[in-house]
Amino acid sequence: MKKLLTGNEAVARGAYEAGVHVAAAYPGTPSTEILENIAKYKEIYSEWTPNEKVAVEVAVGASMAGARSLSAMKHVGMNVAADPMFTYAYLGVNGGCVIVTADDPGMHSSQNEQDNRYYARHAKMPLIEPSDSQEAKDFTMEAYEISEKYDVPVLFRLTTRVCHSKSLVELGERKNVEIKPYSRNIPKFVATPARARVHHIELEEKLKKLEEYANNTFLNKEEWNTEEIGIITSGISYQYAKEVFGDKASYLKLGFTYPLPKKMIKEFSSKVKKLYVIEENEPFLETEIKAMGINVIGKEKIPITLELNPDIIREALLGEKSKIVEQNKEKVVSRPPTLCSGCPHRGLFYELGKKKDVVITGDIGCYTLGSAEPLNAMDSVVCMGAGVSAAHGFIKAFEQAGTKKKVFGVVGDSTFFHSGITGLIDIVYNKSNATIIILDNRITAMTGHQENPGTGYTLMGEKAEIIDIEAICKAVGIKHIRTINPNNLKEVKDSINEAMELTEPSVIITKWPCALKKFTEIDMQQFELKPQKYYVDSDKCKKCKMCLNIGCPSISFDEKIGSIIDQDTCVGCSVCAQVCPFDAIKKVGE
Amino acid sequence: MTKNILLVGVGGQGIILTSKILSTALINDGYDVKMSEVHGMAQRGGSVTTQVRYGEKVYSPIIGKGEADILISFEKMEAMRWIEYLKPEGKLVVNDYAIGSAPILAGTAKYPKNIIEELKEKVDTLVLNAHEVALELGNVKVQNIVMLGALVKEMNLSNIDWENAIKNLVKPKFVEINIKAFNKGLKLR
Ligand code: SF4
Ligand code: SF4
Numbered sequence: 287m288k289k290l291l292t293g294n295e296a297v298a299r300g301a302y303e304a305g306v307h308v309a310a311a312y313p314g315t316p317s318t319e320i321l322e323n324i325a326k327y328k329e330i331y332s333e334w335t336p337n338e339k340v341a342v343e344v345a346v347g348a349s350m351a352g353a354r355s356l357s358a359m360k361h362v363g364m365n366v367a368a369d370p371m372f373t374y375a376y377l378g379v380n381g382g383c384v385i386v387t388a389d390d391p392g393m394h395s396s397q398n399e400q401d402n403r404y405y406a407r408h409a410k411m412p413l414i415e416p417s418d419s420q421e422a423k424d425f426t427m428e429a430y431e432i433s434e435k436y437d438v439p440v441l442f443r444l445t446t447r448v449c450h451s452k453s454l455v456e457l458g459e460r461k462n463v464e465i466k467p468y469s470r471n472i473p474k475f476v477a478t479p480a481r482a483r484v485h486h487i488e489l490e491e492k493l494k495k496l497e498e499y500a501n502n503t504f505l506n507k508e509e510w511n512t513e514e515i516g517i518i519t520s521g522i523s524y525q526y527a528k529e530v531f532g533d534k535a536s537y538l539k540l541g542f543t544y545p546l547p548k549k550m551i552k553e554f555s556s557k558v559k560k561l562y563v564i565e566e567n568e569p570f571l572e573t574e575i576k577a578m579g580i581n582v583i584g585k586e587k588i589p590i591t592l593e594l595n596p597d598i599i600r601e602a603l604l605g606e607k608s609k610i611v612e613q614n615k616e617k618v619v620s621r622p623p624t625l626c627s628g629c630p631h632r633g634l635f636y637e638l639g640k641k642k643d644v645v646i647t648g649d650i651g652c653y654t655l656g657s658a659e660p661l662n663a664m665d666s667v668v669c670m671g672a673g674v675s676a677a678h679g680f681i682k683a684f685e686q687a688g689t690k691k692k693v694f695g696v697v698g699d700s701t702f703f704h705s706g707i708t709g710l711i712d713i714v715y716n717k718s719n720a721t722i723i724i725l726d727n728r729i730t731a732m733t734g735h736q737e738n739p740g741t742g743y744t745l746m747g748e749k750a751e752i753i754d755i756e757a758i759c760k761a762v763g764i765k766h767i768r769t770i771n772p773n774n775l776k777e778v779k780d781s782i783n784e785a786m787e788l789t790e791p792s793v794i795i796t797k798w799p800c801a802l803k804k805f806t807e808i809d810m811q812q813f814e815l816k817p818q819k820y821y822v823d824s825d826k827c828k829k830c831k832m833c834l835n836i837g838c839p840s841i842s843f844d845e846k847i848g849s850i851i852d853q854d855t856c857v858g859c860s861v862c863a864q865v866c867p868f869d870a871i872k873k874v875g876e
Numbered sequence: 059m060t061k062n063i064l065l066v067g068v069g070g071q072g073i074i075l076t077s078k079i080l081s082t083a084l085i086n087d088g089y090d091v092k093m094s095e096v097h098g099m100a101q102r103g104g105s106v107t108t109q110v111r112y113g114e115k116v117y118s119p120i121i122g123k124g125e126a127d128i129l130i131s132f133e134k135m136e137a138m139r140w141i142e143y144l145k146p147e148g149k150l151v152v153n154d155y156a157i158g159s160a161p162i163l164a165g166t167a168k169y170p171k172n173i174i175e176e177l178k179e180k181v182d183t184l185v186l187n188a189h190e191v192a193l194e195l196g197n198v199k200v201q202n203i204v205m206l207g208a209l210v211k212e213m214n215l216s217n218i219d220w221e222n223a224i225k226n227l228v229k230p231k232f233v234e235i236n237i238k239a240f241n242k243g244l245k246l247r
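Those protein sequence lines, which keep their order, are chains A and B.
The first sequence begins at 287 in the working numbering and counts up by one.
The second sequence begins at 59 in the working numbering and counts up by one.
Please keep in mind that the hints were generated in silico from the structure rather than gathered at the bench.
One thing to keep in mind: the hints can contain errors.
Stated by the list, open to error - Between beta-carbon pairs, the in silico distance windows are: (1) B:R247 x A:K549: 29 to 37 Å; (2) A:I847 x B:K229: 32 to 40 Å; (3) A:E491 x B:G113: 57 to 65 Å; (4) B:E175 x A:K831: 28 to 36 Å; (5) A:M832 x B:K229: 47 to 55 Å; (6) B:E114 x A:P589: 52 to 60 Å; (7) A:K682 x B:K229: 49 to 57 Å; (8) B:G113 x A:T573: 34 to 42 Å; (9) B:R247 x A:K576: 40 to 48 Å; (10) A:F504 x B:E114: 41 to 49 Å; (11) A:E456 x B:R247: 21 to 29 Å; (12) A:K873 x B:E175: 37 to 45 Å; (13) A:F504 x B:G113: 22 to 30 Å.
Stated by the list, open to error - Here chain B is said to cover these stretches of chain A; the calculated rule only asks that three of the stretch's residues, wherever they fall, bring their Cβ under 8 Å from a Cβ of chain B: (14) 448-461; (15) 783-796.
To be verified - Beyond 12 Å from chain B on every Cβ pair, some chain A residues (computed): (16) F504; (17) R600; (18) V618; (19) A731.
Values in this document were obtained by computation on a predicted structure and should not be read as measured data.
The beta carbon of each residue, even a glycine, is placed where N, CA and C say it ideally should be.
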């Protein structure tokens with residue numbers, strides 16, 4: 287049977303058919319749907335972990351125990367996961383272990399566009415790069431064979447366009463793979479320096495064998511059309527190259543790219559007159575091919591930044607440019623993403639943004655949008671967890687410089703569990719008076735509403751213990767903790783003012799469910815979630831535009847009428863009503 | 059020959075569902091199809107696009123500037139934003155419907171005037187008011203399927219089994235109204 291699947295769905299299917307037993311991940315675009323789809327197969331135990339390092343460690347443990355395991359993450363997540371990964375490559379597996387990285391060329395929703403193929407070389411792991419959904423499935427299955435045969439975890443690299451584009455996939459049956467027996471093997475699985483020295487030597491041997499495999503696997507193949515032009519390519523770039531050159535070039539299509547199939551490359555390049563390497567972002571293949579003494583054209587023509595596409599290749603290599611209909615720039619106003627109508631982060635950022643002489647260190651999540659107009663309430667965003675730790679860094683530098691500025695750090699609930707806790711421990715231990723604001727919207731909202739340790743449910747839909755954020759803060763030694771309703775501006779303001787005066791670390795927890803969230807039983811019990819709407823009484827509206835400062839997408843302004851609230855999208859959070867100085871905004875029906 | 063369709067609009071307009079129906083029906087009819095969508099921040103009120111390519115054998119899941127055979131825009135300013143992706147001899151299908159973006163709502167920018175008039179001068183354009191049609195049917199949310207109907211007509215693909223694809227992808231209680239919306243769209247020409 288054939289089915290239209292995204293690359294992510296296909297990886298999930300591949301894991302299912304390969305007989306995978308355990309899968310763990312932390313959500314992150316563009317990788318999120320891999321685990322969401324694995325969770326649909328009851329044969330596989332799957333979970334969201336607090337962060338990517340934990341996810342890899344879970345997969346490592348399961349693999350040691352003899353199960354086939356998978357762990358998935360977005361590219362920046364691999365930076366978090368790198369520690370266990372590097373060592374597990376040394377140790378080797380029991381059950382097959384595959385680690386998926388979903389890279390984001392073009393940064394559709396990421397803070398950088400690192401090319402994680404380098405992780406393969408750096409960690410000395412075999413690297414697989416599928417170029418469409420069918421391959422995503424087939425190659426996943428082959429990855430487990432490689433992992434078990436060569437006794438090494440496998441790095442599986444996708445990019446946004448493979449993850450999120452759909453194409454046809456032939457479905458198969460699940461292979462029934464027994465969980466291998468486990469028996470204690472201290473020399474293999476305990477990485478002490480003495481043993482690691484041996485492991486490193488063994489791994490180098492495995493890599494030599496893997497290079498041989500690379501020269502013979504179906505993952506790498508030649509496609510012959512002409513001897514005039516040869517193209518070496520991998521991943522999605524193959525599809526783009528085919529689109530542009532069709533049968534006017536011959537291809538060496540690489541699906542297994544570390545260790546590189548050097549013999550294949552030598553042979554292929556000796557048979558063509560002109561040789562291109564077409565790859566997105568970094569010259570990962572090109573550098574190594576050039577080091578082999580082979581002359582290729584690559585990054586001098588193909589850009590290193592942003593996403594590749596057929597157009598760019600066509601123009602760069604063939605000098606052809608498609609005709610376009612010109613846009614009238616004056617008629618396109620930007621359409622930046624904004625905090626949703628009724629977003630519980632709005633009230634907090636509105637009040638925080640009004641404070642002078644404060645620094646706000648931010649983090650990755652919906653709340654990053656607090657940095658945008660009209661709230662402008664953020665000084666920095668680096669990575670998950672930095673909202674907390676960077677606040678501490680600011681304070682220590684300010685102390686030395688004698689600068690008197692209050693520092694707030696913001697972090698979401700999921701991000702707090704991911705890597706906020708350690709930063710908070712640092713703040714207490716190393717004594718700074720940072721105020722950390724934990725924006726607890728009861729879900730991992732940014733990536734599309736995944737459960738996390740605070741929500742009371744697991745990925746597989748079971749009820750779970752709710753990890754109490756307040757209790758954690760108390761346990762690490764925070765004495766000033768206030769939990770507030772962020773839709774109540776007075777509460778928000780009071781808690782901020784109180785924090786401004788403190789000479790010791792403190793935490794404010796803003797607790798209200800995300801406006802887009804599907805409310806659970808637990809939410810219904812804990813919050814008053816009555817559907818309601820607000821409207822503007824145009825007789826009372828003095829057109830002061832105060833309500834526009836909160837940036838709610840449901841509110842627009844008309845010079846003649848004043849402010850208008852769109853009744854279709856307003857969710858009745860009441861923040862605008864609290865901001866209006868003339869009482870012109872009222873609850874419908876009151 | 060591969061055909062390229064670019065669907066654009068604003069987060070929340072049901073564009074992803076529309077392209078799923080489109081792709082599913084095309085596949086059922088025997089085409090090779092690739093569909094690409096952009097996720098992430100776009101869901102929070104940003105500009106959204108999906109691309110559907112179909113033909114005998116499709117390689118790239120994405121299309122470049124000047125390559126779309128049809129640009130179908132669920133919101134009119136978005137049509138102008140994405141017009142460079144349309145082939146000069148391609149066709150624009152545009153919904154005469156405006157959604158303000160953040161700077162417009164905040165009053166720091168104005169929603170541009172006469173967009174459709176200007177686009178009409180540049181390319182072959184079909185204008186419809188799917189919002190009105192959907193309102194008449196009693197649910198603004200089916201605007202997208204009205205658009206789909208019009209698109210299918212434009213593509214000369216009305217003979218494919220669209221109702222089946224709709225049935226497979228829409229929640230059971232909304233199937234009927236969606237099929238109505240689809241048929242309305244078909245007849246808008
Ligand atoms: S998804 Fe939820 S948390 Fe994110 S901006 Fe929207 S309302 Fe706020
Ligand atoms: S009550 Fe006001 S701020 Fe809240 S969603 Fe409605 S319009 Fe927006």
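Using the beta carbons of R247 (chain B) and K576 (chain A), state whether their distance is inside 40 to 48 Å or not. 56 Å, violated
Could one say that the CB atoms of R247 (chain B) and K549 (chain A) fall in the range 29 to 37 Å? 59 Å, violated
Are there three or more residues in the region 448-461 of chain A whose C-beta lies within less than 8 Å of some C-beta in chain B? Result for this restraint: holds, n = 5.
Are 3 or more residues of the region 783-796 of chain A near chain B, judged by a Cβ distance of less than 8 Å? violated (count 0)
Is it true that E175 (chain B) and K831 (chain A) lie within 28 to 36 Å of each other by Cβ? The hinted range 28 to 36 Å holds for E175 (chain B) and K831 (chain A), with Cβ atoms some 31 Å apart.
Take a look at whether the Cβ-Cβ distance between K682 (chain A) and K229 (chain B) falls inside 49 to 57 Å. Because 54 Å falls inside the window, the suggested range holds.
Do the beta carbons of E491 (chain A) and G113 (chain B) sit within 57 to 65 Å of each other? Since E491 (chain A) and G113 (chain B) have Cβ atoms about 47 Å apart, the given range 57 to 65 Å is violated.
Does the beta carbon distance between I847 (chain A) and K229 (chain B) stay inside 32 to 40 Å, or does it fall outside? Given a distance of about 37 Å, which is inside 32 to 40 Å, the answer is holds.
A731 (chain A) clear of chain B by more than 12 Å, beta carbon to beta carbon? 9 Å, violated
Just to be sure I understand the hint, the distance between the Cβ atoms of G113 (chain B) and T573 (chain A) should be within 34 to 42 Å; is that true here? Distance hint for G113 (chain B), T573 (chain A) holds at roughly 36 Å.
Is the nearest CB of chain B more than 12 Å from the CB of R600 (chain A)? At roughly 8 Å from the nearest Cβ of chain B, R600 (chain A) sits no farther out than 12 Å, so the non-interface label is violated.
Within 21 to 29 Å: is that where the Cβ-Cβ distance between E456 (chain A) and R247 (chain B) falls? 38 Å, violated
Violated hints, listed in ascending order, are 1, 3, 5, 6, 9, 10, 11, 15, 17, 18, 19; each of the other numbered hints is respected by the structure.
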